[in-house]
Amino acid sequence: MADAEVIPIGTGGRPGRGTGSARPSAASRTLASAKPAPASPRPPREEPRASDDGVRPPVTTEDRAPTAGISPAEWLAALKTGAVEVFGDDWEPQLARFLAFLRRRLTGAYAVDEYGFDQEIAEKLLLASLRPIAAKWFRIDVRGVENLPDEGGALVVSNHSGTLPVDGLMTMVTIHEHTGRFLRPLGADLVFRMPFVSSLARKGGATLACTEDAERMLAGGELVGVWPEGFKGIGKPFTERYKLQRFGRGGFVAAAVRTGVPIVPLSVVGAEEIYPLVGNVPALARLLGIPYVPITPLFPWLGPLGLVPLPSKWLMEFGEPIRTDEYDTGAADDPMLVFNVTDQVRETIQQSLYALLMQRQSVWG
Amino acid sequence: MGSAVDPDNKVVLVTGVSRDLGRRLARRLAADPGVDRVVGVDAIPPRDDIGDVSFVRADIRNPVIAKVIAKERVDTVVHMSVIATPGSAGGRGTMKELNVIGTMQLLAACQKSESVRHLVVKSTSTVYGASSRDPAMFTEEMQPRRQPSSGYAKDVAEIEGYVRGFARRRPDVRVTTLRLANVLGPHVTSPITSYFRLPVIPTVLGFDPRLQFVHESDLMRVLTHCVHTDVAGTFNVAGDDVLLLSQAVRRLRKPSVPLVRPAVGGVASVLKSFRMADFSPEQLGFLTFGRGIDTTRMRAELGFEPAYTTEQAFADFAVGVGNAEGAVERMVDGLAAALPETEVSRG
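Chains as they are written, first to last, in my numbering: chain A, 1 to 365; chain B, 366 to 712.
If you are wondering where the hints come from, they were derived from the structure by calculation, not from laboratory data.
Don't be surprised by glycine CBs; every beta carbon is placed ideally from N, CA and C.
A few of these clues could be false.
[Said to hold, decoys possible] Derived SDA-like pairs (lysine to any residue); straight-line CA-CA distance at most 20 angstroms:
1. Lys-124(A) x Gly-108(A)
2. Lys-461(B) x Tyr-527(B)
3. Lys-232(A) x Gly-153(A)
4. Lys-124(A) x Trp-91(A)
5. Lys-80(A) x Asp-698(B)
6. Lys-80(A) x Arg-402(B)
7. Lys-80(A) x Lys-637(B)
8. Lys-432(B) x Arg-422(B)
9. Lys-619(B) x Lys-232(A)
10. Lys-619(B) x Leu-636(B)
11. Lys-432(B) x Met-507(B)
12. Lys-80(A) x Ala-701(B)
13. Lys-124(A) x Phe-87(A)
14. Lys-124(A) x Val-86(A)
15. Lys-436(B) x Arg-402(B)
16. Lys-619(B) x Tyr-110(A)
17. Lys-619(B) x Val-86(A)
18. Lys-619(B) x Arg-103(A)
19. Lys-80(A) x Leu-700(B)
20. Lys-124(A) x Thr-554(B)
21. Lys-637(B) x Thr-554(B)
22. Lys-80(A) x Ala-702(B)
23. Lys-243(A) x Leu-190(A)
24. Lys-136(A) x Leu-125(A)
25. Lys-619(B) x Thr-107(A)
26. Lys-619(B) x Gly-108(A)
27. Lys-232(A) x Phe-196(A)
28. Lys-232(A) x Val-293(A)
29. Lys-232(A) x Arg-246(A)
30. Lys-436(B) x Arg-422(B)
31. Lys-124(A) x Lys-243(A)
32. Lys-619(B) x Ala-109(A)
33. Lys-477(B) x Arg-511(B)
[Claimed, not checked] Among the chain A residues that face chain B by a calculated CB cut under 10 angstroms, a handful are:
34. Pro-93
35. Gly-108
36. Asp-113
37. Arg-139
38. Met-194
39. Phe-196
40. Val-197
Take these sequences, add in the hints, and give me the full structure.
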């Protein structure tokens with residue numbers, strides 16, 4: 001095969017047309033022979049005169065140097081004004097606090113507990129950003145907060161709905177706002193398998209829903225949240241809204257009985273309507289290894305916009321605590337007792353769901 | 366010579382003395398007034414000074430070890446030669462042979478011996494594995510969620526199995542198994558220390574594992590404690606509290622590169638071929654999901670209290686490994702110093 005013909009492009013830095021020949025063309029020779037500009041410093045530019053005929057003199061980049069002519073004092077004043085704007089009148093302690101926070105985060109000089117809970121991030125970032133959504137978007141109406149103990153372990157058991165676990169996040173926000181305590185949710189192992197979700201969940205206070213962790217947290221005096229319906233509850237079709245699914249295998253009751261902490265039933269109304277699940281793509285879900293691929297009236301048709309939850313009105317009711325400290329030791333290993341308590345909790349939540357639904361004027365409140 | 370053992374005459378056999386931690390433990394025990402003699406055993410001689418330790422060059426993979434135990438009338442065996450990386454041994458095959466066959470030979474020798482009264486095995490928390498289905502804190506009774514199919518984790522699981530079998534056959538011998546979290550310290554060379562010594566630390570994107578560490582001096586202390594104590598059983602050993610990988614990297618002031626998990630595996634094999642770091646599959650799992658071990662039993666039953674928390678152990682390690690204060694940090698400090706004194710900045 002013959003070699004490709006190489007067509008030179010350009011002149012290789014020499015004057016002349018792109019013929020590739022060493023000798024420039026006559027025209028370019030005359031151009032090049034013109035004396036080069038002297039390499040002397042640029043002659044001092046004449047001060048632009050305010051021209052008499054009202055024409056503005058041309059502006060060069062030198063005039064546009066952005067910081068020219070601003071004194072350090074002016075800079076400081078501007079910064080101070082900015083600080084007052086951002087942090088308010090007591091900006092100095094505020095800014096100092098912020099800088100201390102920044103330094104802690106930059107150098108990793110903060111502590112997490114054994115589950116990976118990062119209180120600073122949970123309180124200042126996660127809960128703070130969710131609080132307006134709870135108050136303004138879902139306008140959560142809370143009842144029975146007094147049923148949550150001020151200290152010591154307790155197990156909050158709630159119904160689960162809404163395609164995405166928004167109800168869990170909202171419960172965390174609500175409990176922190178009313179009692180100042182952090183709800184420690186128990187999550188499915190899928191949560192801890194997914195990138196980003198897993199690290200955020202642990203920093204937010206969650207741990208795996210298993211007997212070992214539940215008992216450890218309850219014995220440690222934490223307020224633990226559990227959604228025993230799991231994926232059956234959160235991923236149920238819209239037509240079955242507010243019908244409680246099976247409550248797992250009652251492992252949460254056994255954990256509460258073994259540690260002797262009260263069970264606080266929680267009924268959440270409103271979460272069912274945020275993403276009405278009208279369809280599912282089981283084949284795709286199997287392929288992705290997730291429990292379901294939701295189809296809602298807005299998703300996936302509107303793309304990311306379909307992820308905005310519908311602004312339903314929420315009601316949350318914490319029921320009267322069910323005491324478990326009166327059972328004998330070994331009661332947790334009695335399956336009949338565990339099933340009975342599980343049914344009792346489930347019935348309580350179902351009844352108060354119906355009651356709350358009667359009270360709610362409309363879905364959008 | 367009679368087979369009776371003088372109870373006051375304590376002779377300790379330490380395996381794996383060619384490596385730094387084993388050698389230092391042997392020296393420490395030799396200097397201990399409660400121990401009369403220390404015999405160090407390894408297939409290759411230690412490079413550094415071993416002081417009063419009498420070194421016997423013997424491969425624990427062959428029955429010579431039984432003769433050493435009989436001749437020296439050893440009553441306490443400290444098994445330290447379970448290795449985590451094939452790098453130092455010359456290959457995965459050799460590593461497995463050293464770990465598993467070596468332990469089997471050692472246990473066979475101990476079983477035959479009439480003088481051995483106490484066996485201390487340095488195991489690792491790697492036996493618990495690392496997965497998304499793990500509980501937050503492993504206690505000694507818990508099993509890994511998935512049995513390891515290969516590598517170091519499988520070796521350790523098999524070694525612990527043989528040790529349990531030995532304990533059943535020789536109930537008169539006190540067997541203490543220590544499952545240690547990752548050992549850190551200025552002198553330690555291990556997969557995790559070479560990982561933190563990398564100039565840029567690759568991490569798994571979207572995961573922030575919980576880590577626990579034991580300081581090297583605590584490792585020495587706990588093994589010495591086990592040589593003298595009467596307590597038998599399996600114990601988790603780790604410094605208090607946990608550290609997230611992101612925190613650890615920030616404390617080292619090193620840059621990190623988050624990579625998707627398969628890519629980390631690729632980077633790992635490149636690093637391995639350059640002998641910069643040794644990533645094994647269980648190491649990758651650990652750096653994705655992390656692991657926590659519960660140390661209640663270590664305090665309550667073994668009666669051991671680590672001197673360093675996880676955080677302090679890491680800080681001591683970071684002194685020689687971490688970078689100096691960065692520009693951003695100096696800027697923040699400068700700004701904070703420029704502010705008028707308030708109660709917050711003082712606090």
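Hints versus structure:
Distance check on the hinted pair: Lys-124(A) and Gly-108(A) sit about 16 angstroms apart at the alpha-carbon level, within 20 angstroms; holds. Among the hinted pairs, Lys-461(B) with Tyr-527(B) is consistent with the structure: their alpha-carbon atoms are about 14 angstroms apart, no more than 20 angstroms. A hinted pair counts as satisfied when its Cα atoms are at most 20 angstroms apart, and Lys-232(A) with Gly-153(A) does not qualify at roughly 27 angstroms. For the given pair, Lys-124(A) sits about 18 angstroms from Trp-91(A) by alpha-carbon distance, which is consistent with the 20 angstroms threshold.
Annotation: proposed proximity of Lys-80(A) to Asp-698(B) holds, straight-line Cα distance about 18 angstroms (limit 20 angstroms). Distance check on the hinted pair: Lys-80(A) and Arg-402(B) sit about 72 angstroms apart at the alpha-carbon level, beyond 20 angstroms; violated. For the proposed pair Lys-80(A) and Lys-637(B), the alpha carbon gap of about 53 angstroms is over 20 angstroms, so the pair is violated. As the CA atoms of Lys-432(B) and Arg-422(B) are separated by approximately 12 angstroms, the hinted pair is consistent with the 20 angstroms bound.
For the hint linking Lys-619(B) to Lys-232(A), the alpha-carbon distance of about 44 angstroms lies beyond 20 angstroms, and the restraint is violated. Proximity of Lys-619(B) to Leu-636(B) is assessed by CA-CA distance (about 17 angstroms); at most 20 angstroms being required, the pair is judged to hold. Of the pairs offered as hints, the one joining Lys-432(B) and Met-507(B) is violated, with about 37 angstroms between alpha carbons and a cut-off of 20 angstroms exceeded. In summary, the hint linking Lys-80(A) to Ala-701(B) is supported, as the alpha carbons are separated by about 14 angstroms, within the 20 angstroms threshold.
The straight-line distance between the Cα atoms of Lys-124(A) and Phe-87(A) is roughly 16 angstroms, inside the 20 angstroms bound, and the hint therefore holds. The straight-line distance between the Cα atoms of Lys-124(A) and Val-86(A) is roughly 17 angstroms, inside the 20 angstroms bound, and the hint therefore holds. For the suggested pair Lys-436(B) and Arg-402(B), the alpha carbons sit about 13 angstroms apart, so the restraint of at most 20 angstroms is met. Distance hint between Lys-619(B) and Tyr-110(A) is fulfilled; the C-alpha atoms sit about 17 angstroms from each other, no more than 20 angstroms.
Using a Cα cut-off of 20 angstroms, the hinted pair Lys-619(B) and Val-86(A) is violated, with the two alpha carbons roughly 31 angstroms apart. A C-alpha spacing of about 15 angstroms is found between Lys-619(B) and Arg-103(A), which places the hinted pair at or below 20 angstroms, so the restraint holds. Between Lys-80(A) and Leu-700(B), the direct Cα distance comes to roughly 13 angstroms. Compliance with the 20 angstroms bound is thereby established for this hinted pair. Taking the CA atoms of Lys-124(A) and Thr-554(B), the gap is about 39 angstroms. The hint is violated against a cut of 20 angstroms.
For the suggested pair Lys-637(B) and Thr-554(B), the alpha carbons sit about 15 angstroms apart, so the restraint of at most 20 angstroms is met. With a C-alpha separation of about 15 angstroms, the suggested pairing of Lys-80(A) with Ala-702(B) holds against the 20 angstroms cut-off. With a C-alpha separation of about 24 angstroms, the suggested pair Lys-243(A) and Leu-190(A) falls outside the 20 angstroms cut-off, and the hint is violated. For the hint pairing Lys-136(A) with Leu-125(A), the CA-to-CA distance comes to about 18 angstroms; that is within 20 angstroms, so the pair holds.
A hinted pair counts as satisfied when its Cα atoms are at most 20 angstroms apart, and Lys-619(B) with Thr-107(A) qualifies at roughly 10 angstroms. Simply put, Lys-619(B) and Gly-108(A) have alpha-carbon atoms about 12 angstroms apart, close enough for the 20 angstroms limit, and the pair holds. Among the hinted pairs, Lys-232(A) with Phe-196(A) is inconsistent with the structure: their alpha-carbon atoms are about 24 angstroms apart, more than 20 angstroms. Only pairs whose Cα atoms come within 20 angstroms are accepted, and Lys-232(A) paired with Val-293(A) is accepted, the gap being roughly 13 angstroms.
Our distance criterion of 20 angstroms between C-alpha atoms is met by Lys-232(A) and Arg-246(A), whose separation comes to about 8 angstroms. Note on Lys-436(B) and Arg-422(B): the hinted pairing holds, with a Cα-Cα distance of about 14 angstroms set against a maximum of 20 angstroms. The hinted pair formed by Lys-124(A) and Lys-243(A) fails the criterion: a straight-line CA distance of about 35 angstroms is larger than 20 angstroms. Restraint check for Lys-619(B) and Ala-109(A): the C-alpha separation of about 15 angstroms stays at or below 20 angstroms, so the hint holds.
With a CA separation close to 35 angstroms, the supplied pair Lys-477(B) and Arg-511(B) exceeds the 20 angstroms bound. Evaluation of the Pro-93(A) hint against chain B yields a held restraint, the C-beta minimum of about 4 angstroms falling below 10 angstroms. Given the 10 angstroms rule on beta carbons, the hint for Gly-108(A) holds: about 3 angstroms separates it from the nearest Cβ of chain B. Among the interface hints, the one on Asp-113(A) holds; its C-beta lies about 8 angstroms from the nearest C-beta in chain B, closer than the 10 angstroms criterion.
Hint status for Arg-139(A) relative to chain B: violated, with the closest Cβ pair at about 33 angstroms, above 10 angstroms. Interface hint at Met-194(A): satisfied, since its Cβ lies 8 angstroms from the closest Cβ of chain B, which is below the 10 angstroms cut-off. Interface hint status for Phe-196(A): upheld, as the beta-carbon distance to the closest one in chain B is roughly 4 angstroms, under 10 angstroms. Hint on Val-197(A) holds. Least Cβ distance to chain B is approximately 8 angstroms, under the 10 angstroms limit.
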